[in-house]
Amino acid sequence: MVMGDLLREVDVVVVGGGPGGYSAAFRAAELGLDTVVVDASKRLGGACLFEGCIPSKALLHVAQVMHEVERARDIGVEYGEPKISIDALRAWKDDRVITKLARGLAGVAVRHGVEVIGGRAVFESSSALRVEGDTPQRIVFKHAIVATGSLPAVLPGLDSGTAGVMNSTGALELAEIPAELLVIGGGYVGLELGTVYAALGSRVTLVEMTDGLLPGVDRDLVQPLARRIDKLFAAVHLRSRVAAVRETAGRVEVQIEGQEARRFDRVLVAVGRRAQSTGLGLPSTRVQIDERGVIAIDERCRTADPRIYAVGDVTGEPMLAHRAMRQGRIAAEVIAGKASEFDNVAVPAVVFTDPEVAWCGLTEREAKEASRPVKVARFQWAASGRAATLARSDGLTKLIVDPESGRVLGVGVVGPGAGELIAEGALAVETAALAEDLAATIHAHPTLSETLMEAAQSLLLDTGKATSA
Amino acid sequence: MPRQFVLPDLGEGLTEAEIVAVLVREGDAIQEDAPLLEVETDKAQVQIPSPMGGRVEKIHVEPGQTVKVGAVLVTFADVETGTRVASPAPGPAAAPPAAATPPPVAASRAATTAPDAPAAPPSRSGPVPATPSTRRLARELGVDLRAVPPTGPGGRVTDDDVRAAARASAPAPAAAARPAAATPLAPAALAPPLPRFEQWGPVERTPLSHLRRTIAERMTLSASIIPHVTHFDRADITDLDALIRTNLEAARARGVTLTLTGFLLKAAAVALAAHPQFNASLDAASGELILKRYHHLGVAVATERGLIVPVIRDVDKKPLLTVARELAALAQRVREGKATLDDLRGGTFTITNIGALGGTGAIPIINYPEVAILAVARAREEAVVRGGSIVPRLILPLTLTFDHRVADGADGARLAADLVRLLEHPDQLLLEL
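Chains A and B, in that order, give the protein sequences. Counting from 1133, one number per residue, gives the positions in the first sequence under our numbering. Counting from 3, one number per residue, gives the positions in the second sequence under our numbering.
These are calculated hints, taken from the structure and not from any lab test. Check before you lean on any hint, since a few could be wrong.
Distance condition first, Cα-Cα at most 27 Å in a straight line; then the derived DSS-like pairs of lysine-lysine [claimed, not checked]: (1) B/LYS340 <-> B/LYS60; (2) B/LYS70 <-> A/LYS1470; (3) B/LYS340 <-> B/LYS319; (4) A/LYS1500 <-> B/LYS60.
In this text, all values refer to a predicted model and were calculated from it rather than measured experimentally.
Full structure from sequences and hints, please.
This is how it looks when you write it as structure tokens:
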């Protein structure tokens, strides 16, 4: 150690201030542990708040408002053509949404006595790290929690420096609204951001390598969304790859395999995210990292190094903020000696498009791949009173149920508000509820939540079991 | 259509196994029940036979790898029709893979209820149905949820189920002393931190094998829960030894090697029938002694990997030669790592013969949840006074360790005396056979 360097000793140092990191830090502090967070940007919120979930949902809300206005025409209400003031929109997103939430998190940190140190953390050993940055210092810790998250994946062969090519972070900055936008990747990021730009007036073309949108998700849940995307986007190319991309006169020329080269104003690369575990000095510890950069952890979020824990995207799929938050709390509790474990059965996933797609627990596809016998109950929203009053009958709610016990193993929903509805599904799966439990719980009428009850009741009808039993 | 074969539920709360050997190659056409893999669990090294006939399309595991229950081991192509096909996560009633594989569910783990109670089928692979708060309770009480018989709707494990399992696994005083969290090796949580040995010289750290861990945990459990009491005795086996020697050839002609251990097993079964409280388990939760109406005797076998105790069933009902033959076959299976979990469970009393390695006596630790264990050391010729003169006699030192909660010193002395009498008078043993 160099003389004059600041030296701190703490119980817990959390590396990374995203949802996993701040959840871990707040919980550790609640449990009486002296805790600091080291974050490269010296702020709490991470990719989720500043360049992910929150800004994208803010912009999707705008898209949502515009879709509603458009649909209003069908029910006899007309507003005229929308006018978009992009500066005002950006300011609302940045100042009223992101900054406000960031200030809230900073306040929570102060209340918990958690200091946020700005700088890059580099592990020197299993018990010390140095912080490089404005206030270089060395932190000696009893335990560390690595929560460095993930970065947008780069498309192999595509020079990320090409002007006009952006990733999700760039797209959310909303620098401009391109006339022609190409989205590479039909996963949730590509669909959500494509929806935003389409609503704001871009002509969106989407290229997806596999034979369908949202690869891996049950097809019946994707279908209503796919129909909507077909209308909203200028073109959707499935089973297609981008062969070449080059910059030409302020635009981007793209060669999609099997097609003529075309020019776009912007290209959004949305091909997934990669765990961010490099440059942290982890080789100086016993932490084990695989070839994809993912840190190996056990169900208590312990790495191979007994002093070091890891949570969130850096520990691999599913890379979701809510999983990271749960893991963060668990890591803190395990450090504090509690019998906590990431034993969650259901990690809900939500695609915030219109309609939304959400699922949790076992999917029908997974059951089929594992040759696991299941019963599936589908409830079409065409039969829902609430859906009719919303003029949205394109939804579907389904339950995947164990045929022996009647236990709810998985839930899938597509339709407006699916992201909220899935909460009941997650509760059912996590608490090992039976379809009968859902069927016999009174759901308010008329609401979309009734679709879960209706699906459960249809299943019991099948088996001849009385729902009033 | 390709079929996947996953690591089946191995029972006894086992959640993972280490792949020791892969016995087939990709492309091989194999028959149903042909040996597929060798795995080592906390309990034993076992062979997993193929649940179906067909062609091995892909092997997903390699030796040395640790896999969880439910992990895909092998993908089959061209599966023969009509064979049993493994479904990776069968419901409690639909369990063809468990039936098709040798390691079945055991009932004698500490965390389960009484061994002879008809336990509900434990949950299969995949998460155990229970609410998050119940799962937390199980962790805090050190209860393995997979081993808890569920009483809730749809096979859900309730808080009460977990508490009952916790009571069954540890009597009240010990429960308080147990660590809140079930750590992989429970005693570590109690032990004070180790000094840094490196300060005195170089050290090497070697991870414990599955078997070693299991032995460590079970011995700690036994030693911390059971108040052990030990009784010493000696048997004059000069006549028995002569009997064995004169009958060696006759037995060998029938393919059996007569050993002292075979006689010990028969003598123990006879003596236990007269002292049933030593062929029992204590249910501390209910305050009942569970007397077992069967005599399945375990014999400690030293292997390169560690101590394993295979069990010979119904020793009291089988002729001596059958017991001796089964003992030899079982010991060989254990040494070759081919024992099934079935070979290792359900014991009611254990015998350990350390004679081959010398020594003058040993105080064994009870094989929980049994009540007693018998150790014998090497028999030696000693000078014995008989009718006023000194004669050479072959003397076998016996040590009987038993659970003082169940029996008192006088009871143990009586059991040992009966054993000694039967060993000293093999003719009396004959009358009992």
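Against which earlier hints does the structure fall short, listed by number upward?
none
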